[in-house]
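Kindly generate the complete structure, drawing on both the sequences and the hints.
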Amino acid sequence: MIPVADSEKCMCGHVHVKTGTLIFAGMMIVGGACGIVNNLTELGGENVLATVVSLLINIAHLLFGGAAFHAVKKEQPKFLWPFIVYQYITLGACAAFGAISQLVPTWVAKWLDMVKEGEEASDYAGAVRLVLFTFTVLFACVILYTYWCLSVIKNCHAWLTSNSSSTQEATNAQKV
Numbered sequence: 001m002i003p004v005a006d007s008e009k010c011m012c013g014h015v016h017v018k019t020g021t022l023i024f025a026g027m028m029i030v031g032g033a034c035g036i037v038n039n040l041t042e043l044g045g046e047n048v049l050a051t052v053v054s055l056l057i058n059i060a061h062l063l064f065g066g067a068a069f070h071a072v073k074k075e076q077p078k079f080l081w082p083f084i085v086y087q088y089i090t091l092g093a094c095a096a097f098g099a100i101s102q103l104v105p106t107w108v109a110k111w112l113d114m115v116k117e118g119e120e121a122s123d124y125a126g127a128v129r130l131v132l133f134t135f136t137v138l139f140a141c142v143i144l145y146t147y148w149c150l151s152v153i154k155n156c157h158a159w160l161t162s163n164s165s166s167t168q169e170a171t172n173a174q175k176v
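Per the numbering used here, residue 1 is the first one in the sequence shown, and the count goes up by one each step.
Everything labelled a hint here was simulated from the structure, so no lab data went into it.
Errors might be hidden in some of the hints.
The following label-pair restraints were derived from C-beta to C-beta distances [unchecked claim]: (1) 63 <-> 148: 19 to 27 Å; (2) 74 <-> 131: 44 to 52 Å; (3) 117 <-> 95: 33 to 41 Å; (4) 126 <-> 97: 34 to 42 Å; (5) 85 <-> 49: 38 to 46 Å; (6) 162 <-> 85: 35 to 43 Å.
All C-beta atoms in this analysis are idealised placements derived from N, C-alpha and C, irrespective of residue type, glycine included.
Dropping the structure here:
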């Protein structure tokens, strides 16, 4: 095994950031492709809006994963930016949904049509709060995974940028 500097290691510490980025990009491509196939089987279903939104997200996964894969293979760090921005959006959305889900349990009970005639939404607040807490834990897991992915991609971007600038300096030195 070739020794790798600590600044060039993936957060797991076992692989180079370039390899870690390729793994995350591959997971994104496979997830996007599988999601698109799943969405195409559900297009005639009842909830068309949710299917279309899911289809758009899966297409984004496919495109951003492909761009990250291309960035690493061709050593062009600018193609990592869509992936980085997407990860920041995911972090923000999960944090917002997690916070909102803890603040409005009675609204969720009404929105999910849990409240029957003659009952109050506050009667369901405890049960809804428990379900929403479970979702918040899931959002926290997604936040941790996204942060891990984001840090690996950003380290790869920094490595590719420094690697490409040193290559340009060597090329310019040869021209002189």
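So which hints don't hold here, by number, going up? 4, 5, 6
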